[in-house]
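Colleague: On the provided structure of chain A, position chains B, C and D as indicated by the hints.
There are 4 protein chains.
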Amino acid sequence: MIRFLLIGAGRIGRIHAENIVRGAGSSLVAVTDADARAAAELASRWSCRAVKPDEALAQTDFDAVLIASSTDTHADWIERCAAAGKPVFCEKPLDLDIGRATQCMRKAEAAGVPLYLGFNRRYDPSFARLKHEIAAGTIGSLETLHITSRDPAPPPVDYVRRSGGLFRDMMIHDLDMARWLLGAEPVEVFARGSALVDPEIGAAGDIDTAMVMLRTADGRLCQIANSRRCSFGYDQRIEAFGAAGMVSANNHTATSVTVAGKQGYTTEPALPFFLERYADAYRLELEDFIGALNGKKVELATGEDGRRALLLADAAQRSLTTGVAVALS
Amino acid sequence: MIRFLLIGAGRIGRIHAENIVRGAGSSLVAVTDADARAAAELASRWSCRAVKPDEALAQTDFDAVLIASSTDTHADWIERCAAAGKPVFCEKPLDLDIGRATQCMRKAEAAGVPLYLGFNRRYDPSFARLKHEIAAGTIGSLETLHITSRDPAPPPVDYVRRSGGLFRDMMIHDLDMARWLLGAEPVEVFARGSALVDPEIGAAGDIDTAMVMLRTADGRLCQIANSRRCSFGYDQRIEAFGAAGMVSANNHTATSVTVAGKQGYTTEPALPFFLERYADAYRLELEDFIGALNGKKVELATGEDGRRALLLADAAQRSLTTGVAVALS
Amino acid sequence: MIRFLLIGAGRIGRIHAENIVRGAGSSLVAVTDADARAAAELASRWSCRAVKPDEALAQTDFDAVLIASSTDTHADWIERCAAAGKPVFCEKPLDLDIGRATQCMRKAEAAGVPLYLGFNRRYDPSFARLKHEIAAGTIGSLETLHITSRDPAPPPVDYVRRSGGLFRDMMIHDLDMARWLLGAEPVEVFARGSALVDPEIGAAGDIDTAMVMLRTADGRLCQIANSRRCSFGYDQRIEAFGAAGMVSANNHTATSVTVAGKQGYTTEPALPFFLERYADAYRLELEDFIGALNGKKVELATGEDGRRALLLADAAQRSLTTGVAVALS
Amino acid sequence: MIRFLLIGAGRIGRIHAENIVRGAGSSLVAVTDADARAAAELASRWSCRAVKPDEALAQTDFDAVLIASSTDTHADWIERCAAAGKPVFCEKPLDLDIGRATQCMRKAEAAGVPLYLGFNRRYDPSFARLKHEIAAGTIGSLETLHITSRDPAPPPVDYVRRSGGLFRDMMIHDLDMARWLLGAEPVEVFARGSALVDPEIGAAGDIDTAMVMLRTADGRLCQIANSRRCSFGYDQRIEAFGAAGMVSANNHTATSVTVAGKQGYTTEPALPFFLERYADAYRLELEDFIGALNGKKVELATGEDGRRALLLADAAQRSLTTGVAVALS
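Chains as they are written, first to last, in full-length UniProt numbering: chain A, 1 to 329; chain B, 1 to 329; chain C, 1 to 329; chain D, 1 to 329.
Chain A with its partners taken away, still in its complex shape (with noise of 0.2 Å):
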């Protein structure tokens, strides 16, 4: 039974919190977040203690710790989960910035502290059967890969600010699973975008639709597609193509009804966001860390891999500032 501190309330806090009491193998003990007030809201939701961040880690009755708070105090985190010598499960991303993030994850390292990063897609079901096809031979050799990936609607002009950009904020998701997919680093990184969706994400300097190819040493190659809005849903598809076939994961939906008429055959739109689409992700992401906690070998992110994929983010940004592609060692 792995007892857990959860720091963050907030919206994917919470989803953690369920996830970890109903669990078989896992307990919540404490919970901490800079809002007092929504720390012993979910405390008392799930009749664990809530404590305030400063006194989180002087608590002494748990076995790991679940970081969901924001983005900008992942680092801090991390590094004094490392001096306190708790194994640490991170939401995405360690950091914006590639140097902090570095930094974090070499404390955790030299303090011997399993890092784990929360790249939830590499545990939905249907993106994992396609790493399993691939390992299994199903398509032959991998040639090309294909993401797409769009949000329904475009987050608030104020988060995109500090967001970080649309290519560290959404598409690292989509460059995790490239890199996870292909079995290989890229080497080469080329990237496009425009604001066509809200001209006020132009305005804050970002872009809100945006296209990247992928090439590696072996001469692979990957598309990946995003934008940030999507009238049918939360568009989330992958079609790896090789030698020997093809396996795609099409979108989900809430039933299998076809509502047939005059207009033809309406099935539903994919479901409706990462919530929805990814409850089984957040579940069995959760169940491998404390596998790996307990020996296992398993497919999650590592920190390692977090700096990685903001490595191939800096790099999109990087080309599409410069309009050239942009080589990785």
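Accuracy of the hints is not assured; some may be wrong.
[Unchecked claim] Pairwise CB distance ranges (calculated):
1) Ala244(A) x Gly25(B): 35 to 43 Å
2) Val187(D) x Ala136(C): 43 to 51 Å
3) Ala24(A) x Glu185(D): 53 to 61 Å
4) Ser27(B) x Gly10(D): 24 to 32 Å
5) Ala244(A) x Asp72(D): 53 to 61 Å
6) Ala40(C) x Ala244(A): 52 to 60 Å
7) Ala24(A) x Ala217(C): 47 to 55 Å
8) Lys296(C) x Ala244(D): 43 to 51 Å
9) Ala110(C) x Tyr159(B): 54 to 62 Å
10) Arg106(B) x Asp158(C): 26 to 34 Å
11) Ser141(C) x Ala136(B): 52 to 60 Å
12) Ala244(D) x Ala136(C): 34 to 42 Å
13) Ala40(C) x Thr60(A): 28 to 36 Å
14) Gly137(C) x His132(D): 45 to 53 Å
[What the hints assert, rightly or not] Capping the alpha-carbon separation at 25 Å, the derived lysine-lysine pairs in BS3-like fashion look like this:
15) Lys107(B) x Lys296(B)
16) Lys131(D) x Lys262(B)
17) Lys296(C) x Lys86(C)
18) Lys131(B) x Lys262(D)
19) Lys107(D) x Lys296(D)
20) Lys262(D) x Lys131(A)
[As the list claims (entries may be wrong)] Which chain D residues face chain C? A few, computed with CB under 10 Å, are given here:
21) Thr73
22) Ser141
23) Cys230
24) Phe232
25) Asp235
26) Thr253
27) Val259
28) Gly261
29) Gly264
30) Thr267
Calculated from the structure, these hints are not laboratory results. Every residue, glycine too, gets a C-beta built ideally from N, C-alpha and C.
Modeller: Chains B, C and D in isolation, oriented as in the chain A frame:
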């Protein structure tokens, strides 16, 4: 090269004319119709002779006859072709009356004249593949069959009155499919029907919505569902279920386009009606008729197939009227 | 907060236990089972009391009873709960005997005790949406209903012998779906069945393949097809056809993955069996039971619904035996 | 009635011959080919004259020319037709060299001779419906375009050597689709490619796997993916994504059959290659060529469209070679 005399210059006759002309192994030498102008027009379109009905069989430069005239003339034409020693491909049915149907069929047999019936669905590429997969053992032993057949809109009540009723006019195609795919004769027919689409059809003594259940001697079961109206096109589907799996044929559409939006994903309705859905079937059945004349083994329905389908339709009608299941020897 | 006594610690009991514990509005206080060890194990899993069957209703700290014991004990437990004045949610059926089923239901009525039956399919999100669309008028007036229900594999013959037969054990779910979706009582039942899957089932006097046709007073028709074996998973589909369109619910799958290769495009088989397909339904029906106790209008089947579904199953059995359609008043 | 001279009796020439003969508004008067026997055979099949290449344009009884000869002869034939004042429908491309292509096009312009190019995909019913939906505003403002185009198997290396390379030989079709569907000229081309399918193709200086990214002046983006090998048939898909939705065209299949079994649900692979997938397109583009000669507004690609597609292919080739994105004015 098989030279054809075409009897009937209506909607179906015109389809057959075009297929005869375009086929590599056939030519059209003459066409006749009770309506001399229709015959003349069709003859002019394809540069062949228009002849009067009573002089049609006096021609000598043709090898086979295609009968696509009105239903009540089929039996007479078959008997005249039998007398003239000319092979016949006749649109379904032989006749609406089982006695008359049997009689004309016997005359063709006695004259040694090949007689085939236009149960065109046997040549629909999707249904033909069902037959092939069942024969190939793909689904193991066939256990149940499920046939859905819905017209886009009810015919005029005037047509309904002369049609012989839904079972003889419409479901007879499905009854042929059932016999053909089951590979066995049903020994029991149970039928129910209602006039739900158009009360005028009910007032005319017919039904527009029907279900039939068939059973074979070895206990296999078949469901048929018919409606005279369908808002999403011509609904033509079959599902064959067996010990090791299922094969099913879905509707056909004009394009492979999907429109995604707030409403979900919308694909096209089924093709509008039989001219579109069975365009390939009309062409392929004609090819096989020519093949049959050249000794090829074919899936074409014979006169006997037409007689047996009519027996089933009669039994369905009797079951509907009497309320009990009808046994067939 | 509704406090539950759970009767039955078997496979279904364990599902309900988990849903009771995890539900926001419910808690599990005690569990009982003829097998004391099973009760103790489940009680230990969820930190509640295990009690002996004959002492179960002597407890006072619970508000409702969930009956998930073996079928032959349902009626007794219902009567005991009625005497104790405790609301009941009972797994289907009330009893295999219509007389006994009616009797226990009447006792609950007389005692003013709410009695609901676990026809869980009403809470499958896909079937629930069918009901919703029909009620919303999406397909205009409902004309025909088509229900397919196939188990992945036949149960042991020993189970078959005690089951009451396919109609009362398996098709009763589909008969409830038919009544619920038609929104009317069938006035006629015609049934046919065979032992095509397992001759042992036939030797035991039962069937494993069945078709039923239902008719309502206003002439609407319904087909049901059952098989005790299906190679591609748990085949649970419904199609509702109306004047203005059709709504259908297809099978559910574990992922949205497609594998494309020389063979074509392959998607996943249906979910394996009811535990997977109806996991959501088990959870949602319990929520509505709690809602019902709080005065919410719900879609839960009542004791009377259970009695009427059993009447239809009995009629189907009689039709199979006698060969004629059975009229229902 | 438009009377045709057909230049080229190869695979594509034979398709056009059949469509000319079967079309209601066209007839075939003569055919020529460098291979006199091929010309004679085709002429015999359709009862028209076979003529020698250098005498072909001396004929006077034709109204238009269809050029389906080898690529390196297109420009010459176009110039000769221009001199003879005969309208031309020419298979793509004008020429592999942009200078020569421009030159012959200018001569046709100067002579006032209509010149259309066989970018047949514009007449694929599915892609044509995409164009229609975009124009109709179904998806709001078009933002991104995603084109997948994979051949079933690589051509002989010998062909590859003479082909002008993947961009000019294969992707040029997709580049035309991009221009046509975007309704705007790309201002930037970025291309990457590898020889992953056949090392011989790499040894010949070409690639067999490619990705291209296009950008328009207003920031819209387009991805194109090509492969010379695809295990599941001829993979021809397009997805157009806009502010209000998405329209996509999927592959076409020979039948609507699904096989269900332990493996799941299997539908057919894509149609084998262009002759099957674009059979309708070949017929429809010819109808529109005839329509264009009669003054109809058509979607046919013009000589200028051919030139612009070639400019994009040249730019892609340059981007591949230099490693940088190529700007187009």
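Colleague: Please go over all the hints and tell whether each is borne out by the structure.
Modeller: Against the structure, the hints come out as follows:
no., hint, in the structure
1, Ala244(A) x Gly25(B): 35 to 43 Å, "holds (40 Å)"
2, Val187(D) x Ala136(C): 43 to 51 Å, "holds (49 Å)"
3, Ala24(A) x Glu185(D): 53 to 61 Å, "holds (60 Å)"
4, Ser27(B) x Gly10(D): 24 to 32 Å, "holds (28 Å)"
5, Ala244(A) x Asp72(D): 53 to 61 Å, "violated (36 Å)"
6, Ala40(C) x Ala244(A): 52 to 60 Å, "holds (53 Å)"
7, Ala24(A) x Ala217(C): 47 to 55 Å, "holds (52 Å)"
8, Lys296(C) x Ala244(D): 43 to 51 Å, "violated (38 Å)"
9, Ala110(C) x Tyr159(B): 54 to 62 Å, "holds (59 Å)"
10, Arg106(B) x Asp158(C): 26 to 34 Å, "violated (56 Å)"
11, Ser141(C) x Ala136(B): 52 to 60 Å, "violated (42 Å)"
12, Ala244(D) x Ala136(C): 34 to 42 Å, "violated (24 Å)"
13, Ala40(C) x Thr60(A): 28 to 36 Å, "holds (34 Å)"
14, Gly137(C) x His132(D): 45 to 53 Å, "violated (31 Å)"
15, Lys107(B) x Lys296(B), "holds (23 Å)"
16, Lys131(D) x Lys262(B), "holds (20 Å)"
17, Lys296(C) x Lys86(C), "holds (18 Å)"
18, Lys131(B) x Lys262(D), "holds (20 Å)"
19, Lys107(D) x Lys296(D), "holds (23 Å)"
20, Lys262(D) x Lys131(A), "holds (21 Å)"
21, Thr73, "violated (37 Å)"
22, Ser141, "violated (28 Å)"
23, Cys230, "holds (9 Å)"
24, Phe232, "holds (4 Å)"
25, Asp235, "holds (8 Å)"
26, Thr253, "holds (8 Å)"
27, Val259, "holds (8 Å)"
28, Gly261, "holds (5 Å)"
29, Gly264, "holds (4 Å)"
30, Thr267, "holds (5 Å)"
Checked against the numbered hints given earlier, the structure breaks hints 5, 8, 10, 11, 12, 14, 21, 22 and satisfies all the rest.
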